[in-house]
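Peer 1: From first to last, the protein sequence lines stand for chains A and B.
Following the working numbering, the numbering of the first sequence begins with 1 at its first residue and continues without gaps.
Following the working numbering, the numbering of the second sequence begins with 1001 at its first residue and continues without gaps.
Hints were generated in silico from the structure; no laboratory data involved.
Mixed in with the good hints, there may be bad ones.
[Claimed, not checked] Stretch by stretch, here's where chain A covers chain B in the computed footprint (C-beta under 8 angstroms, at least three residues): (1) 1063-1072; (2) 1086-1095; (3) 1098-1110.
The C-beta atom is built at its ideal place from N, Cα and C for all residues, glycine as well.
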Amino acid sequence: DAGITQSPRYKITETGRQVTLMCHQTWSHSYMFWYRQDLGHGLRLIYYSAAADITDKGEVPDGYVVSRSKTENFPLTLESATRSQTSVYFCASTRGRGSYEQYFGPGTRLTVT
Amino acid sequence: GDSVTQMEGPVTLSEEAFLTINCTYTATGYPSLFWYVQYPGEGLQLLLKATKADDKGSNKGFEATYRKETTSFHLEKGSVQVSDSAVYFCALTRDDKIIFGKGTRLHILP
């Protein structure tokens, strides 16, 4: 199906484990983003990518790693999960800079115990 | 740095009431401005946008006007419905990124 998908939709993991959240888009959009959504903070940008093999830090990158070997995929890895990383994670993509709309995935709810 | 401030919620209204959600921004230059909406259990989706001063964005009965003199982009709807219950985010573009406000939760009572 066309669009932007995230997997898994729900994940429970333990402190210290490595977790990878997947994001896939079918539009060949250049830009992709990872956000976390927490009560009282709104959406905060973790990392973004302007193209394959080009990534940059956002507002809250610590504890996260990203890669983008293919245009359509943008996985987010928590190298050693902490309870403070319990959150809802959204992936988004857009065609380009400026006034282009960002399209969001359905989100992954991650709980770190 | 650039930022977006929007009224804190939750906002609770009766069906058919008039809605205003305030949004002001701080930015250098001329950013594009957006309103996104998030329905329960879903990701955000674009509601409307305006790309330059005095532009009015509109969609699904919602409107917002880009006011550079007051650095505002207030969201309005003349008659809300229960189905409008959601979280609304004001946002602006800065270079490669979008900066979001913290969101305003809207409850519409039947």
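Peer 1: So which of those numbered hints doesn't the model satisfy?
Peer 2: Violated: hint 1 alone.
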